[in-house]
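Enquirer: The lines below spell out each chain.
Number of protein chains: 2
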Amino acid sequence: MIEKLTIIGIGLIGGSLARALRDAGYVGEVTGYGRSVGNLQQAVELGVIDRVEVSLADAVRNADMIVLALPVGCMGEILEQLAPVLADHAVVTDVGSVKASVVAAARAALKARFAHFVPGHPLAGTEQSGVAASQADLFRQRRVILTPESETDPAALDAVRAMWEAAGAQVATLSAADHDRILAASSHLPHMLAYNLMDLVVRHDDHRAILECAATGFRDTTRIAGGDPVMWRDICLANRDALAAVLRQYKDDLEALTAAIEKGDGEWLLETFTRAKHTRDTLNKKFGIQG
Amino acid sequence: MIEKLTIIGIGLIGGSLARALRDAGYVGEVTGYGRSVGNLQQAVELGVIDRVEVSLADAVRNADMIVLALPVGCMGEILEQLAPVLADHAVVTDVGSVKASVVAAARAALKARFAHFVPGHPLAGTEQSGVAASQADLFRQRRVILTPESETDPAALDAVRAMWEAAGAQVATLSAADHDRILAASSHLPHMLAYNLMDLVVRHDDHRAILECAATGFRDTTRIAGGDPVMWRDICLANRDALAAVLRQYKDDLEALTAAIEKGDGEWLLETFTRAKHTRDTLNKKFGIQG
Numbered sequence: 001m002i003e004k005l006t007i008i009g010i011g012l013i014g015g016s017l018a019r020a021l022r023d024a025g026y027v028g029e030v031t032g033y034g035r036s037v038g039n040l041q042q043a044v045e046l047g048v049i050d051r052v053e054v055s056l057a058d059a060v061r062n063a064d065m066i067v068l069a070l071p072v073g074c075m076g077e078i079l080e081q082l083a084p085v086l087a088d089h090a091v092v093t094d095v096g097s098v099k100a101s102v103v104a105a106a107r108a109a110l111k112a113r114f115a116h117f118v119p120g121h122p123l124a125g126t127e128q129s130g131v132a133a134s135q136a137d138l139f140r141q142r143r144v145i146l147t148p149e150s151e152t153d154p155a156a157l158d159a160v161r162a163m164w165e166a167a168g169a170q171v172a173t174l175s176a177a178d179h180d181r182i183l184a185a186s187s188h189l190p191h192m193l194a195y196n197l198m199d200l201v202v203r204h205d206d207h208r209a210i211l212e213c214a215a216t217g218f219r220d221t222t223r224i225a226g227g228d229p230v231m232w233r234d235i236c237l238a239n240r241d242a243l244a245a246v247l248r249q250y251k252d253d254l255e256a257l258t259a260a261i262e263k264g265d266g267e268w269l270l271e272t273f274t275r276a277k278h279t280r281d282t283l284n285k286k287f288g289i290q291g
Numbered sequence: 001m002i003e004k005l006t007i008i009g010i011g012l013i014g015g016s017l018a019r020a021l022r023d024a025g026y027v028g029e030v031t032g033y034g035r036s037v038g039n040l041q042q043a044v045e046l047g048v049i050d051r052v053e054v055s056l057a058d059a060v061r062n063a064d065m066i067v068l069a070l071p072v073g074c075m076g077e078i079l080e081q082l083a084p085v086l087a088d089h090a091v092v093t094d095v096g097s098v099k100a101s102v103v104a105a106a107r108a109a110l111k112a113r114f115a116h117f118v119p120g121h122p123l124a125g126t127e128q129s130g131v132a133a134s135q136a137d138l139f140r141q142r143r144v145i146l147t148p149e150s151e152t153d154p155a156a157l158d159a160v161r162a163m164w165e166a167a168g169a170q171v172a173t174l175s176a177a178d179h180d181r182i183l184a185a186s187s188h189l190p191h192m193l194a195y196n197l198m199d200l201v202v203r204h205d206d207h208r209a210i211l212e213c214a215a216t217g218f219r220d221t222t223r224i225a226g227g228d229p230v231m232w233r234d235i236c237l238a239n240r241d242a243l244a245a246v247l248r249q250y251k252d253d254l255e256a257l258t259a260a261i262e263k264g265d266g267e268w269l270l271e272t273f274t275r276a277k278h279t280r281d282t283l284n285k286k287f288g289i290q291g
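In order, the protein sequence lines correspond to chains P and L. Residue numbers for the first sequence, in my numbering: 1 to 291. Residue numbers for the second sequence, in my numbering: 1 to 291.
The following block holds chain P by itself, in its conformation from the complex (with noise of 0.2 Å):
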């Protein structure tokens, strides 16, 4: 049970946490922060937080736990402004898609506080935006990734891990140069190349026609280029090296199978696409779901 919650940003994550942990009884009061008074009075309106505060200070200094859901680009910023005003008790986590970058800049913000910081990354979100998109289940039977760091305190790695678990996760740990070579091929190169193929089309000669003969596939394919520009551009620039790695990698695969359908090796494309389309198949009953 979490006395005094102080989330950082009501977006989707961040209000879709104050929702699961409320529905649960596993939290006190909600503070609120945030850059947009619209967004935090909708959020108040929407019962998502107890209330807000306009001053930073405010908002942490009574906190048991701090989430900080902003976009990976923000957390610096946010982090130099927390350090002089964090309680001695707080535990603090995040809950951005890269880890190495964060956990650096928490590390030179926190100083000797980094042992209550807790970095964290749930597997989980849709391609809206904004605290109207939240819901108390987003997190239900998701993944939650944290990667705590040698100074990391038990007793607080312990504590997010049973807000997450409150909030109906599954948390496993990592090490964060894991998380972001891993999460680069699971979640960040699929969003490349959705973005990539959605610009495609939108610069195609055919793009109107293109557009009118997109069925389930394309749609399907492309259903998180909706996801929110300035979150991805500052994941590509934070994960940089990961996410570039395994692009390369893509292309060159991608070289290959262009040379084969050139080529009309159809024996390669049988073989390559039975195995893809093998370990796909598995993945359904990971989902539970047919597709």
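It is worth saying that the hints were derived from the structure and are not from the lab. Given the structure is predicted, the values throughout are model-derived calculations rather than measurements. In this text, a Cβ means the ideal position worked out from N, Cα and C, and glycines have one as well. Some clues are possibly wrong.
Label pairs and their computed distance ranges (CB to CB) [what the hints assert, rightly or not]: (1) L:Glu3 with P:Arg208: 46 to 52 Å; (2) P:Asp178 with L:Gln135: 38 to 44 Å; (3) P:Glu45 with L:Glu165: 46 to 52 Å; (4) P:Arg140 with L:Asn284: 37 to 43 Å.
BS3-like cross-link-like pairs, simulated, lysine-lysine; straight-line CA separation at most 27 Å [said to hold, decoys possible]: (5) L:Lys263 with P:Lys251; (6) L:Lys263 with L:Lys251; (7) P:Lys111 with P:Lys4; (8) L:Lys251 with P:Lys251; (9) P:Lys263 with L:Lys263.
In silico contact screen, one side only, chain P against chain L (beta carbon under 8 Å); selected entries [what the hints assert, rightly or not]: (10) Ile2; (11) Val44; (12) Leu46; (13) Leu110; (14) Lys111; (15) Ala185; (16) Leu211; (17) Ile224; (18) Gly266.
Assemble chain L onto chain P, guided by the hints.
Expert: Same frame as chain P, now just chain L:
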């Protein structure tokens, strides 16, 4: 109304068409022909077709309409077999995902009878295959593209158009070349991207962790990698030039995106993602759903 309909290949598409036309009361008797006896028996048991013939000549003898619902790579052979046994009044159409190669095969095989061949492509399907997956509403509100040639008999074109409209589809016409270039971008390219992503993950050192961390974005982006490998090999070989061209464009675009990430060019990334998202958002209206 079609008195006698023969469907060659009772899979997802052929089976769904039979179901749709029955539900609409638009068909008298449906005869099935195919390679797999087990599949044909299942189609009879499911009530998808009325009867089975084991010789192609018997299957098409009295047919008013013959639908070739086979992988593109099988079209040439079946058209050659069909030519000598086709009744004078029969209209023939196909559902192939590539049109120029089917048109060429039909023209060569059917000769004067080519006027009664109407090339077609319903833009519908799922990543599943087989008659068990067929459904009467598969084509409802979906687009069907017909690609008539200069020789095509207008009455045959009208008959095929009316059949698809009875199945609930919206019919449009394009030239075969336009169809193949547009579908290379709207359908064939997304399938290649999904197969290529799935195959990268299969061969990745972290493949288990990547699959464990796969969230809804990864799931949706790779759904169509569950498609039938034989069908997609055939499409690649049949639409080789148009598909290779758009793959090369995609790869060039991905090179620019990767370079922007490596240079840390946040402005370029934000602009590109914003443009892509804007167009993707307009698609949600078309599909009548969120995302």
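Enquirer: Are the hints correct? Go through all of them and say.
Expert: Structure-based check of each hint:
no.: 1; hint: L:Glu3 with P:Arg208: 46 to 52 Å; verdict: violated, 39 Å
no.: 2; hint: P:Asp178 with L:Gln135: 38 to 44 Å; verdict: holds, 43 Å
no.: 3; hint: P:Glu45 with L:Glu165: 46 to 52 Å; verdict: holds, 48 Å
no.: 4; hint: P:Arg140 with L:Asn284: 37 to 43 Å; verdict: violated, 25 Å
no.: 5; hint: L:Lys263 with P:Lys251; verdict: holds, 18 Å
no.: 6; hint: L:Lys263 with L:Lys251; verdict: holds, 18 Å
no.: 7; hint: P:Lys111 with P:Lys4; verdict: holds, 24 Å
no.: 8; hint: L:Lys251 with P:Lys251; verdict: holds, 6 Å
no.: 9; hint: P:Lys263 with L:Lys263; verdict: violated, 34 Å
no.: 10; hint: Ile2; verdict: violated, 25 Å
no.: 11; hint: Val44; verdict: violated, 25 Å
no.: 12; hint: Leu46; verdict: violated, 18 Å
no.: 13; hint: Leu110; verdict: violated, 25 Å
no.: 14; hint: Lys111; verdict: violated, 27 Å
no.: 15; hint: Ala185; verdict: holds, 5 Å
no.: 16; hint: Leu211; verdict: holds, 7 Å
no.: 17; hint: Ile224; verdict: holds, 4 Å
no.: 18; hint: Gly266; verdict: holds, 5 Å
Checked against the numbered hints given earlier, this structure breaks hints 1, 4, 9, 10, 11, 12, 13, 14; the rest are met.
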